[in-house]
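Starting from the known structure of chain A, arrange chain B on it as the hints suggest.
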Amino acid sequence: MPPLIKDLLRRLSTREFEREELVEALDTALGIAPGIVHAATVLTAPLVDDQQWRLGSRRCRSTLVWRTASALKLEVKSRHDPDDAETEQRYSVFGIRHESRPAVVTLLSFQDPAGFRDGIRRLVRFNKRDLILASLSDKRFRAIVEAYPAAEAFDELLVRRASVKLRANPRQGRHQIGFSSVAWPQSSLEQAFQWVWDNNGWFVNLTFSAFRAGHEIGRFGLGRRGEVSSSHRFSSAFRSLCIPVGLTFEQDERFFGRRARRELQFHQTRPLVIDYGRGVFAEPEMVRQFVAALRLFPHGPVSVYHGNPYLHAAVLDHVDGSSMEVWVASANRVLVVPQMRATVWGLKRVVQHIYDSFGEGDLADYEPSA
Amino acid sequence: MTAEQVKAVLAAIDDYENSAFAMIGLANLYRFDDRVRSFRDDVRFFQGRRFTTSAANRHSPSTEVTPDLAILVDVEAASVAEVKMSLPEDRSLWDRVVEQLERYDDDLTGWPTADGRVGAHDVILVVHQMRIAIVDVIRSKIEGGGARFERPLVVLSFIRSDQRDMFYLFRLEYGQPSFVPVRDRLASPIAIPGHVIAVNYGRFKLWDSRPPIPYLMDLIWREVVADRAATHDRFATLRRNSRLPIELSVPEVAEYLRENFSFNQLLSADAADAERSNQPTVPRTEWIRAALGAFVDSGQGRWIDQQRERCEIDYQKQNLNVEEFAARYLATESGTQEYGGQLPMFLES
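In order, the protein sequence lines correspond to chains A and B.
Position 154 (the first sequence) corresponds to 154 in the numbering used here; numbering is contiguous.
Position 221 (the second sequence) corresponds to 221 in the numbering used here; numbering is contiguous.
Quick caveat, the hints were computed from the structure, so don't treat them as lab data.
Hints are all accurate, no fakes.
Which residues of chain B face chain A? A few of them, derived with a C-beta cut under 7 Å, are:
{"#": "1", "residue": "M166"}
{"#": "2", "residue": "H195"}
{"#": "3", "residue": "E223"}
To give an idea of the chain A side of the interface with chain B (calculated C-beta under 10 Å), a few residues:
{"#": "4", "residue": "S57"}
{"#": "5", "residue": "T269"}
{"#": "6", "residue": "P284"}
{"#": "7", "residue": "P338"}
Where is the CB? At the ideal position from N, CA and C, for every residue including glycine.
Chain A on its own, in the form it takes in the complex (with noise of 0.2 Å):
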C-alpha cells in the first residue's frame, strides 16, 4: 500500500476530526486511490446524543469512539444470531453534523461496502423510532438530483446503473415489482426520469456520472431514503446530495407536525390530503388496488372496515405508536385523520408507503366544507 494512504488510513482511524477536516481527507482519500464513500443522513431523536450513541441491542449496536463537535466516529458491532458472539462483525462508521442543524447527521463509510450495508443499515433499522432515516418522494427525488450539477457546475450527469421499482399496475395485472438493471449505458436524466415516470415506477437508487469539460469526475448515488455514494469528491455529494436530503426533515415536520389530536385544543382532528388532481378513485377497481397496497404497509396492522366502493381503514405504526384513519371517499384524493398519538414520522410513514406502493399525489391541509 502505497505510505500516503496508510498514512491517511492511520490518520482516519486514529484522529479525531472536525466536519470540514473529515471531508477533506474523505476527498483526498478518494482522490489518491479507488474507493467509495456510503453515506446514510438520519435525523436523530434528542436521547440519541443523550445516550452517547449507545444505541440497539445485541443483534446490532453502535458505541461512540469519539465526538468533536461538528463529527463523530461510531464503532457499530453487528451480529446475525445474536446469541453467537462468532457471528459478530465490527465495523468503524462517521458521522458528520450538519451545520445547520446538528441533530441531523451524515453517516458514513469508507471503503467498506459492508460496513454501510451491515453496519450502518442494520443500525437505523433496528432503531427506526431514534435514527429517522429520509424518505423522498419522485419530486424532491427528482429535484435533489437535477440541482446537482449546477449546483457543482458539473455540465451534465449520465445515469449508470439504476434500481427501480415499478408500482403495481391492476389493468396490466401486474403486481409491484423492484429491479436492479445497469443498462442504463450513457442515459439522460431526463431520459431515466422519464422512463420511470411511463411505467409508474420510482428510483430505489440511481447511480451517475458527473462530468465537467468532458471529464468524468466521480461516480455518484442517490437513494430513495436519501442514501447517498460518491467514488470522488465526497465534499461535493455531501454539500449538494446529502445536505439537500437533511433538509427533507424539516420541510416534513412542517407539513406532519402537529396533527396528532392529542396536541390540539379539544382533541380536534387535524386530517391531510393526497391530492391525484384526476379521478383515480373513479373506479371501483383502483379503490380494492389501493386497499391491497395499504394492506402491505410495512410497519404495522391495517384495519379494513369498509373496502370497496369506499374506503375506510385504520393504520397502526408499530415504530413509534402513531394511529391514523385512511379514507378514500372521493375519486380525486385519500384523505388521513390522523388520531390521539400521531408522530410526524409515523405519519410520513404511512404517507411514504402509499407513495412506493400506490402512487404519488400533492400533499394538502384538508380544507372543511359541506
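Just chain B now, kept in the frame of chain A:
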C-alpha cells in the same frame, strides 16, 4: 369459526358505523349554514341524552326516554331524532317505532336550558332509504287516528351514494322541519360529502349502543394499548414475538374513550352534576370489560384482580387488526354465544 362468521362481525361493525354516520350527517344538516358557507357555532347536539316525559305523555308518562340525537340551535330551534338503520322484517313490529316517536312528542325536560325545557321541538325519524315504507305506516296510522303528533314530525331518508365522490344523501320524506335553514336545505335532497362524515368520525366513534366487541378491541388496541406501550422504555426495541404487558383498569379505559372517542366528549369536565347525569356514559364499563375480557380469553392478557377491574394486556408488534380480533372473539365463549348461530337478515337497532 368460519370466514362467514368473520364477515358477519364486519357487517355488524359496518352497521354500527353507518348509524354513527347518519347521526353525524343529521347534525351536519343543522350545523352547516348555507348562507355563509360555514359552520354555525350555536348548534349543540347530544347523543343518547336522557329526557323525562311529562305526566301527560300518552305512552310513558313521567319516565325517561333517550332519543339517539337531540339538537339545540341556540334558542331558535330544537329537535329530537331517532336513527333506524335497520328495521324488523315483520312490518307489524314497526308500530313500536311509531310509538317510540310519540313518546318524544311531549314537553320533555332535560334540555340544557335554565328550566330544562324548550318552547317546542321537532320529532325526527331518520331511516335507511330501503325502509322508507315506514312513511306509509306512519301516514296511515295518523290518518286512521292510531297515532297523533302535536309537534312537527319529520321523516328523513338516508342513503350512501357511491358515485364518483361518495356522499350521504338525506331526503325529506314526510313533514317539514321547523328550523327554516334546515327546511330550506331539505327543499331538495341534500348530499353530505363523505369527507365531512370521515373527519367528524375521526372523533366520534362510540355512541349509546353497544358496539361489536371486536370493533372495541381494535380501538382499544390502537388507541389505548399501543399508545401506552409507545411510552415504555422497551417499546423501541421490542421484538416481534416479545410481549410488553400494559396494565389497564376498566374505568380508566372507559373514561379515556369517553373523553376522546364518544359523541359526548364535549361535555366539559366542570359540567354540573345534573347536566352530567343527563348524558349517557359512553362507552359503558360493561362494554369495556367485555372487550378486555376478550383479550384475556384469547390469550392476549390476564385479569389481575378477582373483580375483573384491572388487567394486563400484552402489546405485541404483530399484525393484529379488526379481522384478527373478530376471529379471536369468535373463538371465545362470549363470541360463540353472540355470533355462533345464523344471524337474521335484518337486526332491529
